[in-house]
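So you can see what is in the structure, the chains are spelled out below.
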Amino acid sequence: MRFAAALVLFALCHAAAIPGAAQPGTPIPPAGDLPVPTAFLAKDRPGDGGKAVLLTWKDPAGVPAGVSFEVRRSEPPAYEWTTLSTVPAGTERYVDATTDDAKVYRYELRAVAAGAEPSTAASDTATAPTDTTAAADTTAAGATATPATPTGPAVVSDPVRSHDNWFRSERTNSFIAAVLFTALVLGSIQMARSGKPLFIRRIAGLNAVDEAIGRATELGRKVIYVPGIQSVSDIQTIASLAILGHVARASARYGTDLDCPNRDPFTFVSARETVRAAYLAEGRPDLFREEMVNYVTYDQFAYTAAVSGRMVRERPAANFLIGHFFAESLILAETGQSTGAIQIAGTADPSQLPFFVAACDYTLIGEELYAAGAYLSREPVLLGSIRGQDIGKALLLLFGLVGIVAATLGNNWFATVLRTQ
Amino acid sequence: MNIQPGIVILWIFFGVLPIVGFLLGLRAPAMRRQVPLVLAFLAGIIPILSIYIPKVFLADPDIGMSPRLDKYLIIVAGFALPLGIVNVIQNSSRRAARREKGWPYSVVLLFGLFVTGALGIYGAVTGEGIGFRQDGTSTPFKWIEDNAFRPLQATIFALLAVFMASAAFRAFRARNTEATILLIAGVLVMMGRVPLLEFLTAPFPGLQPAAAQGSRTLGLLTEWIMNVPNSAAQAGIIIGAALGAAAMAIRVILGIERSYLGLEKGE
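If you read the protein sequences in the order shown, they are chains A and B.
Take the first sequence: its position 169, counting from 1, is numbered 169 in the numbering used here, and each next residue is one higher.
Take the second sequence: its position 194, counting from 1, is numbered 194 in the numbering used here, and each next residue is one higher.
Treat the hints loosely; a few may be bogus.
Covered by chain A, according to a simulated footprint, are these stretches of chain B (three or more residues, beta-carbon under 8 Å) [claimed, not checked]:
1. 74 to 81
2. 84 to 97
3. 128 to 142
4. 232 to 238
The list that follows gives simulated cross-link-like pairs (lysine-lysine, BS3-like), each with its CA atoms no further than 27 Å apart [as the list claims (entries may be wrong)]:
5. A/103 to A/51
6. A/58 to A/43
7. A/393 to A/196
8. B/71 to A/43
9. A/51 to B/142
10. A/51 to B/55
11. A/103 to B/55
12. A/196 to A/103
13. B/55 to B/71
Hints are computed from structural coordinates only; laboratory data are not their basis.
Source: prediction; values computed, not measured.
Cβ coordinates follow ideal geometry from the N, Cα and C atoms, glycine included.
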């Protein structure tokens, strides 16, 4: 007897603990009293790549507590209703991200009282619905004749098909920023083309490039150029290859030996072509040797060991460590530092910058790395793009400051506008 | 047969166009320079368009042009790897043959390359397995990896700790105002990250509560240094670098920046 009482008590407690389960004392409205959602609309989700339909509706006024809305879908050829989800009142939207762009769907929405079990497709075989007005129930007798749980009248959507779109609307802010920035850069380049003098601040690390190669020439030692350890798909590597072109030209001019060890095979091939073209451009193809740009290994630390070993054995007069680096940055920079070489480093990775600053003579920080190719070439057209970049940065700074002040004063417009997806 | 428009366009851009460019380049050398610039433009603009245009032919993860370009990159890199291996063999053989400085290292490298490579190829060709045999036991290739390669890797990585200490010693010398600020911030962060005060006061139980309170204060100070001035400086660098990368990308895509191809303006 005591055991049976405990069992009943446990069952009651368990029922009370289930979210959404019928609470003792909460009246479940009869099916006819459940409200009908209005303005039910099914359309392709805008700004996506297809395979999704967006459902929106308005909750009726005075939705009783515990009532939620059941979303169902039918698709050809069988037009069987399948329950997708049950969403709480107040949501007023649902995204069906499981559609096939080749199929036409209909959606049904109806209120479900607390404790109602979602309908199953097996019991609800629908005929293809013909109108979108609130019907008593478009489902077959299995669901309507003896409803096991209270569900309200259903509204059915127009036929809808998902498809891919021409613009990702949630990225409008980033698109405007990209267009604006491109216009700034191109405008500055155009201004430079017109011959208007441009002021570009001095970058000490880049001014030291010729000095480092000149020193290597005087000492009769080589120059080592490490283009990072990433592939050419990394923009830092492309920036590094642009600088390598200038270093190779200077090496060709002075007749200094250049050594460019590579970790990535793709970068190796590109670096070799860059150096070969630079020697040709300087009119010294006779000085170019294939082994100047060489491949070492794909393993990060084996590569580090090989380059460190060369630094110690061959004592280059100048080391260039420019590109994308990881844990090997400090090992390479400290080894080069211990050999007494002039070291010029550059990376846009904030976590590696302190190591280079501590161990190298000059460090190109972040944007200086990307500006280096233009800066070294001294071509007005390329320098114009640096000016455009600086104007963009100033505008961003201004926008950030105004946004901070606005947010401090309780206006979140800037935060909303700048949010990207 | 279902023809994917994205794949067809990619084939025209990166299959037909380079071949046509090469053939035209045989007659007109200027084309040899122009075609790479056109290809760089197309390879750069397609991923950018896919960010804003979610059309299936452009951005779909399976058949879209942009994700497919990434796959092409992997294939091209796969072909580049044998070039690298050939280069290693050529350079090391020459160094060893000419008895250049450090030639024994080249011999060791070639020995390791051929022995490890041969064992790996043997395992793959015979079906024995490269890393493990069918019965789960290690192959000789795996034995070399576990007992030679990995310990050597770990040794080089461990050097980082030594170099970090030597670099910190040099960076933390209070030579000027900036270096002094760096020194103070560095010492505070280090003290905040380790229970130094508790360790120092361990022999004196009476001082333990004060040490614990001091550690908490240092921890809060460390958090502030890392989250406020350090994060602000990092954000500044990241924003500047992002704008620099964007400007660089515009220059490369539009063919204004050509030095990575070894070309100057007008070439």
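Hint by hint, here is what the structure shows:
1. 74 to 81: This one holds; 4 residues, not fewer than the three required, reach chain A with a Cβ under 8 Å.
2. 84 to 97: Satisfied; 7 residues make the cut.
3. 128 to 142: violated (count 0)
4. 232 to 238: holds (count 3)
5. A/103 to A/51: holds, 10 Å
6. A/58 to A/43: holds, 15 Å
7. A/393 to A/196: holds, 21 Å
8. B/71 to A/43: With a Cα-Cα distance of about 34 Å, the restraint between residue 71 of chain B and residue 43 of chain A is violated, given a limit of 27 Å.
9. A/51 to B/142: Outside the cut-off at roughly 45 Å; violated.
10. A/51 to B/55: holds, 11 Å
11. A/103 to B/55: Holds: residue 103 of chain A and residue 55 of chain B sit about 18 Å apart, inside 27 Å.
12. A/196 to A/103: violated, 60 Å
13. B/55 to B/71: holds, 19 Å
Checked against the numbered hints given earlier, the structure breaks hints 3, 8, 9 and 12 and satisfies all the rest.
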